[in-house]
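**Student:** Work out the full structure, taking the sequences as your base and the hints as a guide.
Each protein sequence line maps, in turn, to chains A and B. Counting from 1, one number per residue, gives the positions in the first sequence under the numbering used here. Counting from 1, one number per residue, gives the positions in the second sequence under the numbering used here.
Be a bit skeptical, because a hint or two may be false.
A few chain B residues that face chain A, going by a derived Cβ cut-off under 10 Å, partial list only [what the hints assert, rightly or not]: (1) F88; (2) G91; (3) T95; (4) M164; (5) A190; (6) G192.
Pulled from the structure, derived: some chain A residues nowhere near chain B, Cβ distances all over 12 Å [stated by the list, open to error]: (7) T13; (8) T76; (9) S130; (10) F258.
If you are wondering where the hints come from, they were derived from the structure by calculation, not from laboratory data. C-beta: ideal position from N, C-alpha, C; glycine also.
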Amino acid sequence: MITDKLQHLGRNTLNNVAGFGRSGLMLFGALVGKPDFRKGFPLLIKQLYVIGVLSLLIIVVSGLFIGMVLALQGYTVLVKFGAEGMLGPLVALSLLRELGPVVTALLFAGRAGSALTAEIGLMKATEQLSGMEMMAVDPLRRIIAPRFWAGVISMPLLALVFNAVGILGGHLIGVDWLGVDGGSYWSTMQANVDLYQDVLNGVIKSIVFAVIVIWIALHKGYDAIPTSEGISRATTQTVVTASLTVLGFDFILTALMFGG
Amino acid sequence: MSDIMVDIQRLSFSRGENLIYDGMSMQVRRGKVTAIMGPSGIGKTTLLKLIGGQLKPDSGHILFDGQDIPALSRAELYQARKKMSMLFQSGALFTEMSVFDNVAFPIREHTRLPESIIRLIVLMKLESVGLRGARDLMPAELSGGMARRAALARAIALDPELIMYDEPFAGQDPISMGVIVRLIKELNNALGLTSIVVSHDVTEVMSIADYVYVVAEKKVIGHGTPEQLRQDKSELVQQFLQGEADGAVPFHYRANAYEDELMESAR
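**Tutor:** In structure tokens form, the structure reads like this:
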């Protein structure tokens with residue numbers, strides 16, 4: 001009984017380590033080497049559109065609502081202490097440091113990550129990747145690399161859009177609806193938000209999350225068992241694994257950046 | 001230039017615990033249609049992937065045009081693959097591109113020809129498979145037979161020396177089957193290709209092949225021209241050619257004795 005459990009644990013660990021190794025090899029094969037800008041650039045632009053631009057709507061809408069909720073919740077607490085003038089920094093700091101990068105990463109995993117996994121898994125199942133290899137075109141370079149860079153470039157930008165829209169949403173609720181003074185909303189925000197400490201750290205977080213999400217999504221697709229069941233499982237795994245890893249890394253990064 | 005295009009020497013390959021090939025040898029002659037036949041599930045597709053260098057054998061040599069494929073570096077392997085091409089069973093067309101772009105894909109990837117010349121080449125290749133009119137369709141709009149012909153046009157886009165067909169007749173209606181049979185033979189002769197056809201459709205294969213290998217039980221069990229093969233004494237070869245359900249290749253997957261298993265519940 002207990003040996004069964006141990007055996008199971010051991011096998012899972014070995015599988016995970018082997019999977020991690022394969023994902024590393026995949027990324028290495030995709031990214032290391034002489035880049036070919038003539039062929040790579042149009043592919044990158046296309047993926048930036050598919051991965052980045054098409055994710056804009058969900059990011060804008062969620063950012064707006066998160067900002068509105070933050071303002072509403074923050075106001076009810078702050079007004080008890082007569083500190084509703086600090087609503088601006090509350091909304092801005094929450095978004096820039098935490099919610100912007102994290103929520104964007106979670107949404108991105110659900111919107112773009114799952115789509116990437118399914119797309120690549122299906123390409124594998126329909127032998128498109130094999131076919132490409134036999135045509136002496138490296139699928140890692142042709143398929144994986146442009147998607148990776150497109151994800152890493154677009155996610156921090158999406159997070160910044162999320163922040164900006166969130167702050168406007170906070171303004172909408174706090175200033176226009178609840179009657180906080182508009183001047184103090186912006187001026188206290190200006191006084192309390194630091195470009196390096198807050199904005200830049202948020203962007204760094206976002207870049208780290210982008211690498212995590214896109215790497216997991218690409219690997220799960222590339223490593224998927226090429227059957228309908230295998231692809232559906234890979235897609236689920238992408239969202240679950242990417243989300244949990246992002247939350248875990250968020251704690252580590254927060255501790256490093258703001259903990260000391 | 002040697003007469004042998006692909007020379008497989010004492011090839012052994014296993015997948016996990018499962019031994020698929022055990023010291024198998026075969027030769028593919030330049031300019032000929034060589035068929036590899038055998039029951040399904042014996043790894044015929046695997047053999048093509050071994051020749052293409054997508055899988056590595058446990059031991060043995062696979063010489064393609066004098067180069068030992070498993071021993072090549074990555075860059076050399078990609079160079080060698082430019083001289084071969086493979087027609088996958090599913091066609092493996094890129095679903096997000098039109099037929100035209102699919103055929104143009106290898107040309108655009110490996111040459112720097114201007115678009116006007118690429119257009120000419122693509123139209124010529126499509127004409128040779130009879131799909132010039134279908135160039136603007138997407139792969140999802142093609143029937144199974146058309147998809148395979150489009151994939152064939154893509155496979156010959158760069159004028160390879162060797163073309164490997166993986167089950168080209170599987171799941172085709174009699175008309176498109178006839179079309180593909182004719183195409184394989186015509187392309188082989190017109191373009192001076194060397195063709196390897198992996199299939200279990202005995203009649204079609206015997207009608208176009210110059211030389212046939214019958215593979216079963218991890219090795220070659222019979223080979224020769226279609227004529228020689230029909231005269232072959234081996235029980236296994238004859239069972240396969242005649243399509244008999246039971247014989248040297250048993251109908252039943254290996255199992256315990258039938259009576260024992262039925263009686264088990266009674267005990």
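**Student:** Would you mind marking each hint as holding or not holding in the structure?
**Tutor:** Verification of the hints:
With a least beta-carbon distance of about 5 Å to chain A, the hint placing F88 of chain B at the interface is held under the 10 Å criterion. A distance limit of 10 Å between C-beta atoms decides the matter here; for G91 of chain B the minimum to chain A is near 8 Å, and the interface restraint holds. Of the supplied interface hints, the one on T95 of chain B holds, with its beta-carbon coming within about 7 Å of a beta-carbon of chain A, less than 10 Å. Given hint, M164 of chain B at the interface with chain A, holds; its Cβ is 8 Å from that chain's nearest Cβ, closer than 10 Å.
The restraint placing A190 of chain B at the interface with chain A is violated, with a minimum CB-CB distance near 21 Å, outside the 10 Å limit. Below 10 Å, beta-carbon pairs count as interface contacts, and G192 of chain B has none with chain A, the closest being about 20 Å; its hint is therefore violated. Non-interface call for T13 of chain A relative to chain B: holds, since the shortest CB-CB distance, roughly 20 Å, exceeds 12 Å. Listed as outside the interface, T76 of chain A is consistent with that label: its C-beta sits roughly 50 Å from the nearest C-beta of chain B, beyond the 12 Å cut-off.
Residue placement check: S130 of chain A does not keep its beta carbon more than 12 Å from all beta carbons of chain B (closest about 7 Å). The claim that F258 of chain A is not at the interface with chain B holds, since no C-beta of that chain comes within 12 Å of its own (minimum 44 Å).
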